[in-house]
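> The primary structure of each chain is shown beneath.
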Amino acid sequence: MAIKIIQAGLFTTVQDLGRKGYESYGFSPAGAMDYKAHTLANSLVGNDSKEATLEMTLRGIEFLVTSKTTMATAGADMELTINDVPYPIGKAIDLNEGDKVVFGGVKNGARTYLAFNGGIDLERELDSYATHTRSGIGGYKGRALKAKDVLKIVGGPADGLLKEVVKEDSEPTEIRFIFGQQKNRFDKENIEKFISEEYTFTKDSDRMGARLEGEPIVAQEGHDILSEPTQFGSIQIPKNGQPIILLADRQTAGGYTKIGTVIKVDLPVIAQKKPGEKIIFRAVSIEEAENLYKESLQELDEEKDLIASNDFKTVRRIDAMSVSTLIGG
Amino acid sequence: MEVKQYAEDALTVTLANEVDEAVNASLVQIKEIILNQDFKGVTDIVLSYTSLIIYFDILTADKNKIIDVLENIDLSDLSSFEPSYKVVEIPVYYGGKFGPDISRFKEKGLSEEEVIEMHSNKEYLVYMLGFMPGFPYLGGLDEKLYMARLDSPRKSIPAGSVGIGGQQTGMYPFQSPGGWNLLGRTPIPLYDKNRDQAILYEAGDRIIYRAIDEKEYYDIEEAYKNGDYQVTVELRGDSDGN
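If you read the protein sequences in the order shown, they are chains A and B. Each step along the first sequence adds one to the number in this note's numbering, with nothing skipped, and position 24 is 1111. Each step along the second sequence adds one to the number in this note's numbering, with nothing skipped, and position 117 is 174.
One chain only, chain B, in its complex shape (with noise of 0.2 Å):
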């Protein structure tokens, strides 16, 4: 475990330098650790693909303290703690006027249910958000999903596609322009500022997509407008880290 500081009010905490399940892992746990310690003026903690920041009011924190916390971290011994986390259910209308490239894949030799049945029942691991707020970065794509961006993005992708970059599967809280090949669409708000949770999930937590059909997209669309739409969340693991 490496710790530096970039910023005066910043401590990165680097792990490795390639993309790991069980290196996230340690992330998520090296966060529980600090944040059951309680520390005064500590704003946030952010995790990343290998390392993690703590941000800290200057005025306030004790940054001796928190690297004192850190250098005590014993990294053999996280691996038999089993961290807690969510797996958040997020229903897709696959295909469609939702999902123009879902057709794409043809070209592999893959149908439409074929995409969708890889794509859908499966947990993808939330390593980090970014680029946008809630926008996760997630791991355990299909490898035969793999598809290269658009040649040329499209200038505007309503909010709440799912889609594949690359290598990566995600989704798009925000309307925003973009280049991914676009899978359909979920009616849930993935920011919702008057929801418990405006964001459903973490780095650490894993996101499952659920297929569902037009007519249930309109019906979970309505029925999350009159509140009467509560989003699949399944806790797993203690909540205290143990």
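Just chain A, with the same shape it has in the complex (with noise of 0.2 Å):
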């Protein structure tokens, strides 16, 4: 079972939910950019959310499907057809030998998020699938999908009839974030300006880091400190005030100050920004974060079973399923 590449899109890279555990060698975790996403697709074919994806970046693939197997798609809305008759996103999706996927342009947000029956067949680097482009490791050969790769599926088509996610049509604008390591630097006049003023995405962002550009913010005695570790959704104020968001690629120590942290539950909201969005920045207690997260982890959970266990709503496709297998379910 495989896929075969016929266009890559504009950035498509195998991640999974990040290399934990050798951020202590200096390896940035790399993963998903929105864990949230990247879960529900692989719930939807009925795998555990440690199963490789797809992550598409604003403009998705064009495959050929060289035997039977189910996708699932979440995230971003993003044209889809399927022999050029168009499909939503957010489903699992019967496909057939011969069947050509063409993934377009987003509609809403970012970042879509592609995933196969049991996964991709690919090896794990230091214990994941992650592809971390600048130190080429993970995913597949370490880089982003290109034309003419061979990508080798592990399940044929999907038991039971599947399910579809449904997507909050919001778009919030408000990120939540906690203080950070430096907070001390940054005084009154400077914070107030950070909470209040929107913050435009540029397009220099990347998986790397979200630059953004507003009101710039000044620290005093500096913007620079002796390198420590950053985490994914630190937001470092450089010397030119302009916020960056380090994200899934970031490097693992930097030495500019920190202004805050964005609260896990609002990363997948920074991953499906587009430059030119805005956004406004608003302080939450740790422990608003923390109960926040465990949530979303839990309902992430719950709707996995409740995919599972269901009575699925669609989409088998005739041309893709023989007719016993319809009826029979």
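Hints are supplied without guarantee of correctness; some may be wrong.
As a list, the in silico DMTMM-like pairs of lysine to aspartate or glutamate whose alpha-carbon atoms are at most 20 Å apart [claimed, not checked]:
1) K61(B) x E1184(A)
2) K1107(A) x E170(B)
3) K1270(A) x E75(B)
4) K61(B) x E1374(A)
5) K1381(A) x D114(B)
6) K1326(A) x E1308(A)
7) K154(B) x E180(B)
8) K1228(A) x E75(B)
9) K154(B) x E171(B)
10) K1107(A) x E59(B)
11) K1107(A) x E75(B)
12) K1270(A) x E59(B)
13) K1155(A) x E1184(A)
14) K1091(A) x D1208(A)
Here are some, though not all, of the chain B residues that point toward chain A, as calculated from beta-carbon distances under 10 Å [unchecked claim]:
15) A64
16) D101
17) S108
18) F192
19) Y275
Since the hints were made in silico from the structure, they are not lab data. Just so we're clear, the structure is a prediction, and the values are computed from it rather than from any experiment. Positions of the beta carbon are idealized from the N, C-alpha and C atoms, including for glycine.
Assembly of the complex is requested from the two constituent chains, each provided in isolation within its own frame, with the hints serving as guidance.
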């Protein structure tokens, strides 16, 4: 079972929940920018969240299916056709040999996750499928996908009929954060500015960091610090005063002041922002952030059970499945 | 000691605000103490110059238990323990085509041989890793070898390059752009996913560079590929920290 890439999209990489346990050796965890969408796409085909998905950015891939399987998508709404027939994002869909699957541009959000039944057949590098393109580690040959790549898929068609993920339509502009390591370097006036002004995503943003533009923030006693560990979501304020939110592919140590850390549950919101979109920061307590994160992880787990146990809604494609499978479920 | 939380899944323990060998030694010991507790859900402990971060799984780890143990550590007690660490020997072919910037030290009155003599056969302390996987922030560079970064950084520095940037020395496990003065190169892959230790050293370990000639460089490279080269690693101190 395999898929053959015809067009690789703008930036498509193999990801999982990140390479944990190697930061002490300087390895960026990498992993899905949007852990929720990654997990949901996996759940839709009955996979554990540890399986690899393809993270597609702004414009998705085109591929040829070489044998029957089932795919699922979650995350940003993106154009999708199979043999020129349009299909929605957020569903599991059966695929047949010879199908041509074409993802187009995003309509909403920035990153769409594509999972296959049983996962993608690759070897883990340092216990993870996550691609870190800067060091050429993990995923498919340590790089973004290219035309003519062939990805092996573990499973054939998924059992049972599969459910769809209901997509939240709202696009929050508020990003919650907890105060960071160098909060004391920022006076009242600058903190006030930080939480009241709008910041815009610039086109220099990538998997390493979201570079924002807005009212500059000034640190007392300078913007440089002794290099120290960074976190997924650390909000750095460099000398020009424009915030950078460090993301999945960040360097594990950095030497700029950190005013705060974006809370975990809002990282998927950041992952789905496009250049030109605006956000406003709001401070919350660590306790609130912890509770929200625990709830989010539990919800994802429950959703997975629900998907696995329910009477499923759609999308068995007649052209992909034999009649007996359709009736037999 | 200050224990703070800047992320849902991480505790930051800060000991000082300056680079100091003794601080590093204390951080290494705190890491050992936490690891020896076998806490459920602790996924990684990352050292830096003045602090360490304990990462944990928010659903399975008991954060308060970890904080309890941390708060009961007697810092003055730590100095009586000798932490265990590795001394990793890295063979380096200095000068030639791999070390184009070694001649820059002539302006400081240092010949190539003198630079090699001062840079090798000396133990450097690994304070932390970062910037790129396996990139060590080393302490102990001879002041005479301090050398400002290049005015215009190179677009690509090959993996294995050993160099000096300002007051620091270190090496590049991966190809990368960079402005460091290149002194030489090691034939050993600094990252090898198929090796028992994909990265040979961690914070608290020591690195010692050994000068080799061009022939030895290619011999070691060949031997390593064939699985016939063992990196020289000396273990010091007791493995359980006593």
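> Please go over all the hints and tell whether each is borne out by the structure.
Hints versus structure:
no.	hint	verdict
1	K61(B) x E1184(A)	violated, 55 Å
2	K1107(A) x E170(B)	violated, 43 Å
3	K1270(A) x E75(B)	holds, 19 Å
4	K61(B) x E1374(A)	holds, 13 Å
5	K1381(A) x D114(B)	holds, 10 Å
6	K1326(A) x E1308(A)	holds, 11 Å
7	K154(B) x E180(B)	violated, 25 Å
8	K1228(A) x E75(B)	violated, 40 Å
9	K154(B) x E171(B)	holds, 18 Å
10	K1107(A) x E59(B)	violated, 25 Å
11	K1107(A) x E75(B)	violated, 28 Å
12	K1270(A) x E59(B)	holds, 15 Å
13	K1155(A) x E1184(A)	holds, 5 Å
14	K1091(A) x D1208(A)	holds, 13 Å
15	A64	holds, 5 Å
16	D101	holds, 5 Å
17	S108	holds, 6 Å
18	F192	holds, 6 Å
19	Y275	violated, 24 Å
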